[in-house]
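Peer 1: Here the structure of chain Z is known, so what remains is to put chain R in place on it, guided by the hints.
Number of protein chains: 2
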Amino acid sequence: MSNDHRYSKSERLAVYRAIAERRDMRHFRPDPVDPTVLKHLLAAAHQAPSVGLMQPWRFIHIKDHDLRQKLALLVDEERLHTAEALGKRSNQFMEMKVEGIRECGELFVAALSDKREQHIFGRRTMPEMDLASVACAIQNMWLAARAEGLGMGWVSLFDPVQLARLLNMPPGSKPVAIICLGHVDAFYPAPMLKLNGWADERPLCELVFQNTWNSTEL
Amino acid sequence: MSNDHRYSKSERLAVYRAIAERRDMRHFRPDPVDPTVLKHLLAAAHQAPSVGLMQPWRFIHIKDHDLRQKLALLVDEERLHTAEALGKRSNQFMEMKVEGIRECGELFVAALSDKREQHIFGRRTMPEMDLASVACAIQNMWLAARAEGLGMGWVSLFDPVQLARLLNMPPGSKPVAIICLGHVDAFYPAPMLKLNGWADERPLCELVFQNTWNSTEL
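Protein sequences, first through last, are from chains Z and R.
Sequential numbering from 1 applies to the first sequence in the UniProt record's numbering.
Sequential numbering from 1 applies to the second sequence in the UniProt record's numbering.
Next up, chain Z with everything else stripped away, as it sits in the complex:
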């Protein structure tokens, strides 16, 4: 069967390359990102799918130095709480670099908008689809950043209530990511948590079933 909509081989390889080489980065160089490139990355995010076309994503560019420090302290605090919650693995966790907030060239917070309860299409039984839409937007931005040679990291080590307060966010909205973005010396050859021995990856074949849970497909 012919498929006229298929991209050229080199285009397909470029898409697969970005998907394979994208990494959750924690190590950055401090130089800023070209503003034109930044706009392209945000435009890529903005082209994400959204449930009922509600476009629930909001992006706050953190340009103020003091505010950046406050965000970093908030994450330091949650890092300690997380270490405590991890029990036996606390030391191993504390030895890892888990974010690059102080040094990355550009810092963003991605958030869910307020007034989301007005959107019912695709959300009556699955209200959390708004978060899924924001995640798709962030993934678009991540892949575009990788193609631009820029590293990106998604930090979720924070108290969302306190972060919302720091950014004057209205009731009903919610921060979902602190996004570190910027130039990097090198991209990790594999996920950092794998390189650090935090977790092993499971092969795809264990996660794809046929017709019913835990049946084998691949």
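Take these hints with a grain of salt, some might be off.
Since the list gives no way to pick one copy over another, a pair counts as held whenever it fits inside one copy or between any two copies.
The list that follows gives simulated cross-link-like pairs (lysine-lysine, DSS-like), each with its CA atoms no further than 27 Å apart [what the hints assert, rightly or not]:
#1 K63 to K39
#2 K115 to K88
#3 K39 to K194
#4 K115 to K194
#5 K194 to K97
#6 K70 to K39
#7 K39 to K115
#8 K88 to K194
#9 K97 to K70
Hints listed in this document are in silico derivations from the structure and should not be mistaken for laboratory results.
Quick caveat, the model's predicted, so the values are computed rather than measured.
Peer 2: Same frame as chain Z, but now just chain R:
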């Protein structure tokens, strides 16, 4: 500042092209997808970022004809409930084609795994980051599908408890998407909900702030 990690111009354009041309499709041709291409799409999904490297995504390939019909009926049912909940916009909603479950070449259910409570890294205050990871995986698959010339649609019009029962899913797991995938005659030139007059898109400049909520950046 030089950037050695930047892709070639043609590669960058290919990534941006997939992001721009990806659509949430509801119209499909019934012919199946090449199994090798299917594996590439699932491998793309599997390369998504995941919080704490927990890889919470599971994919169930619906190959059984009767099971596909049951899924379609489940969605038909929720479509009526949603129409009712939409009040004044009920008729407009019912006139739209909102899924292609019966006709698409390949059908999947994407789900959150069970036993997620074991994963604390990045989730102590933000447990919903597991859904964000699954959404990133689906977005990877979507972009790869577009590059392969294949349409994909994310359907969230279902009762997750009933769908979990149909697929024998264990306690703690949760379906998050019925994924329609397959060949299409044409990709929509813009989001279908925009073409159908359901919703207007807001420009990016209204959704990007600087330092504090509702401040202007762009």
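Peer 1: Against each hint, give a clear statement of whether it holds in the structure.
Peer 2: Now the hints, each set against the structure:
When the C-alpha separation of K63 and K39 is checked against a cutoff of 27 Å, the pair qualifies only within one copy, where the shortest distance is 15 Å, while the shortest distance between copies is 42 Å. For the homomeric pair K115 and K88, the shortest alpha-carbon distance between copies (19 Å) is at most 27 Å, but the shortest distance inside one copy (41 Å) is not. For the homomeric pair K39 and K194, the shortest alpha-carbon distance between copies (23 Å) is at most 27 Å, but the shortest distance inside one copy (32 Å) is not. When the C-alpha separation of K115 and K194 is checked against a cutoff of 27 Å, the pair qualifies only between copies, where the shortest distance is 20 Å, while the shortest distance within a copy is 39 Å.
With identical chains, the CA atoms of K194 and K97 are at most 27 Å apart within one copy only, with a shortest distance of 13 Å there and 43 Å across copies. With identical chains, the CA atoms of K70 and K39 are at most 27 Å apart within one copy only, with a shortest distance of 25 Å there and 44 Å across copies. For a Cα distance limit of 27 Å, the shortest separation of K39 from K115 inside one copy, 26 Å, qualifies, whereas the shortest one across copies, 39 Å, does not. Within a single copy, K88 and K194 get their C-alpha atoms as close as 18 Å, which meets the 27 Å cut-off; across copies the closest is 52 Å, which misses it.
In the homo-oligomer, the alpha carbons of K97 and K70 lie at most 27 Å apart inside one protomer (18 Å), although the nearest pairing across protomers, at 47 Å, exceeds that limit.
Consistency with the previously given hints is maintained throughout, with no hint failing.
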